[in-house]
Amino acid sequence: MTERIVIVGGGTGGSVLANDLADRLEPELDAGDVEVTLINDGPDHVYKPVWLYVPFGQREPADGRRALDELVDDAVDLRIDRVSEIDTDSRRLRFDGGGAPMEYDHLVLATGSTLEPEQIPGLVEGGHDYYSESGATALREELLEFTEGEIVLSVIGTPHMCPAAPLEFVFMVDDWFRERGLREDVEVTYTYPIQRVHGNPHIAEWARPIMEERNINVETFFNAESVDPDAETITSMEGTELDYDLLVSIPPHGGVDLIEEAGLGDGGWVDVDKHTLEAEAEAAENVYALGDTADTGVPNAGSVAHYQAGVVGQRLASEIRGRPATATYDGKTLCFIETGMDSASFVEFDYENPPSPAPPSEKLHWSKLAYNESYWLTARGLL
Amino acid sequence: MTEIEPDNTVDARGAACPGPLMDLIGAIRGAESGDVVRLLSDSEGSLTDVPEWAEEAGNELLAVEELDDHNAFYVEKA
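As they're listed, the protein sequences go chains Z and C. Per the UniProt record's numbering, the first sequence runs over residues 1 to 383. Per the UniProt record's numbering, the second sequence runs over residues 1 to 78.
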């Protein structure tokens, strides 16, 4: 009897896991005892960290795109289709296009985050972002021509992908205008929903003095309620109104609807055991979630998805081989944080140990760029 | 036990800071003026950040109920 492992989502978590399993379960795959299928709703794998550099004219969206069939091991079946329903009782997936349903023995959900700017009236018309290819290229058009005025970076949705990226953006903007002699003509304001500048208190404590030193205005307890694209203002639930000439937002995020419809968790995030990454819904057996999709409380970051994929890969291999699954996720998160156009910091933390940001240096900046290039080895399961 | 009847309850137990506050803000965002949202949180940080935010946003923190392993915050949307 062939055991069928199905992974939904070909982002970092899903692709690393597919390649991990191809390697780990090679004998079983060769013998036909196991099948691994990766389902994605498009033919490409997208590496989103590239988008941070697009508005500054330093990278192209195409730099973050590669065909999945070039990245994923040939032992993995790749299906380009959009799942429309997860039935955990009959262990079956249905598809949008009406293609044949697919049965599974083990399911891994890695469907990731989607942007929901329409939640905030006026944001679609008035705001820009660098959290999508189209957003990053549209923002590039504005930013490259921007020479004076007020730039507001507003973090609206949390949790959001890459929690450090809003800090990185304002640090880079500050440095970029400074290097070009335009900083005195540009006001930069950063807004954040809670009483500090980042969700993690250790990172917030580190970042705040740097923002003060660099004359980056800060508005905390700012939860955007609406944007008026004509008047160029953004207003918060707390009653603060800010003028802008260029509004860059981190839009509200959501998961995919089919997770809530399957009773696996609210808002598109799967309730999981934060160590085993198994879905907690009683009816859902043999279901894992990883990356943004798994509601573990750790950042929605590529490094998290990468490490979690290794844990799920080990657990699945143990289960397939009839051994106890002992691998667990310890909350490990790793992140480079750009602090300018040629300097960066670095943090590493887990469930037990808080982050302690490294002193910014040029070396760390180049380490970040070097990792962005070598990411494709990670996606292939090699690094 | 408080006798306040919430219109909506957000169970953020198990979520680390600032998850509970963000869940509360999300619920208040979707609420009508006068609605009461009850937030259940076992995060220590909620004891300071929920009152701070309620005051900042002009919403009223009606009560904080201390239960065995968590707290219940009752917030009325202005």
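Don't take every hint at face value.
Label-pair restraints from in silico Cβ distances [claimed, not checked]:
#, chain 1, residue 1, chain 2, residue 2, range
1, C, 48, Z, 324, 50 to 56 Å
2, C, 14, Z, 85, 43 to 49 Å
3, Z, 321, C, 34, 54 to 60 Å
4, Z, 97, C, 4, 47 to 53 Å
5, Z, 69, C, 34, 29 to 35 Å
6, Z, 383, C, 4, 33 to 39 Å
7, Z, 184, C, 2, 40 to 46 Å
8, C, 66, Z, 382, 47 to 53 Å
9, Z, 350, C, 48, 42 to 48 Å
10, C, 48, Z, 209, 39 to 45 Å
11, Z, 240, C, 4, 46 to 52 Å
Hint data in this document are derived by calculation from the structure and do not stem from the laboratory. Heads up, the beta-carbon is just placed ideally off N, CA and C, and yes, glycines get one too.
Here is how each hint holds up against the structure:
no. : hint                     : in the structure
1   : C/48 / Z/324: 50 to 56 Å : violated, 42 Å
2   : C/14 / Z/85: 43 to 49 Å  : violated, 28 Å
3   : Z/321 / C/34: 54 to 60 Å : holds, 59 Å
4   : Z/97 / C/4: 47 to 53 Å   : holds, 50 Å
5   : Z/69 / C/34: 29 to 35 Å  : violated, 56 Å
6   : Z/383 / C/4: 33 to 39 Å  : violated, 54 Å
7   : Z/184 / C/2: 40 to 46 Å  : violated, 54 Å
8   : C/66 / Z/382: 47 to 53 Å : holds, 52 Å
9   : Z/350 / C/48: 42 to 48 Å : violated, 25 Å
10  : C/48 / Z/209: 39 to 45 Å : violated, 21 Å
11  : Z/240 / C/4: 46 to 52 Å  : violated, 29 Å
Figure legend: structure checked against the earlier numbered hints; hints not met, in rising order: 1, 2, 5, 6, 7, 9, 10, 11.
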